[in-house]
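Starting from the given sequences, assemble the full structure and let the hints guide the process.
Number of protein chains: 2
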Amino acid sequence: MKFVVKVMPRPEALDPQGRAVEGMLKKLGHSVEQCRVGKMIELNLENVKSETEGKELVRKMAGDLLYNPLIETFEVEVKA
Amino acid sequence: MKFVVKVMPRPEALDPQGRAVEGMLKKLGHSVEQCRVGKMIELNLENVKSETEGKELVRKMAGDLLYNPLIETFEVEVKA
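Protein sequence lines correspond, in order, to chains P and H. Its first residue numbered 1273, the first sequence is counted upward by one per residue in our numbering. Its first residue numbered 1273, the second sequence is counted upward by one per residue in our numbering.
Think of the hints as simulated: they come from the structure by calculation, not from any bench. Only true hints are included.
Remember, identical chains collapse to one label, so a pair may be satisfied in a single copy or spanning two.
Here are the simulated EDC-like pairs of lysine to aspartate or glutamate, each with C-alpha atoms no more than 20 angstroms apart in a straight line:
#	residue 1	residue 2
1	Lys1299	Asp1336
2	Lys1311	Glu1344
3	Lys1278	Glu1314
4	Lys1332	Glu1344
5	Lys1351	Glu1328
6	Lys1274	Glu1284
7	Lys1278	Glu1349
8	Lys1274	Glu1347
9	Lys1274	Asp1336
10	Lys1298	Asp1336
11	Lys1278	Glu1344
12	Lys1274	Glu1323
13	Lys1311	Glu1347
Since the structure is predicted, the reported quantities are computational estimates derived from the model, not experimental observations.
Encoded structure:
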């Protein structure tokens, strides 16, 4: 079963990467009000019996390694 | 209107970041078969009249700056 972890910078965090991308897009002539850059992590878990079990395991992985709670938030989804 | 660009490494691309995360997760005792790491870019476009118009603009931004067609693919979604 495949899962996706979406990690985004918290609204109050600075997100320098997002500001850099926003600046470059404007320089290239694009009209954009705000840009935030986060990560998307696809995980394939084979020995998982249910979505609930898999999401629980993925949440543990997120807490151990995939996101920094001080500056980021995350969501877990089952991949269609 | 808010849009999300999901940028993932192509299946045939190496994705060293994904392999590093996979290795670390296994070292930490998690059971994971495969891991791929991509980017999630949220864009806020204020002067957009329709989803179709916005997606078209975002696709242009992606082609100009947000993804590398040699090693990545991307999808555009309207953010709920």
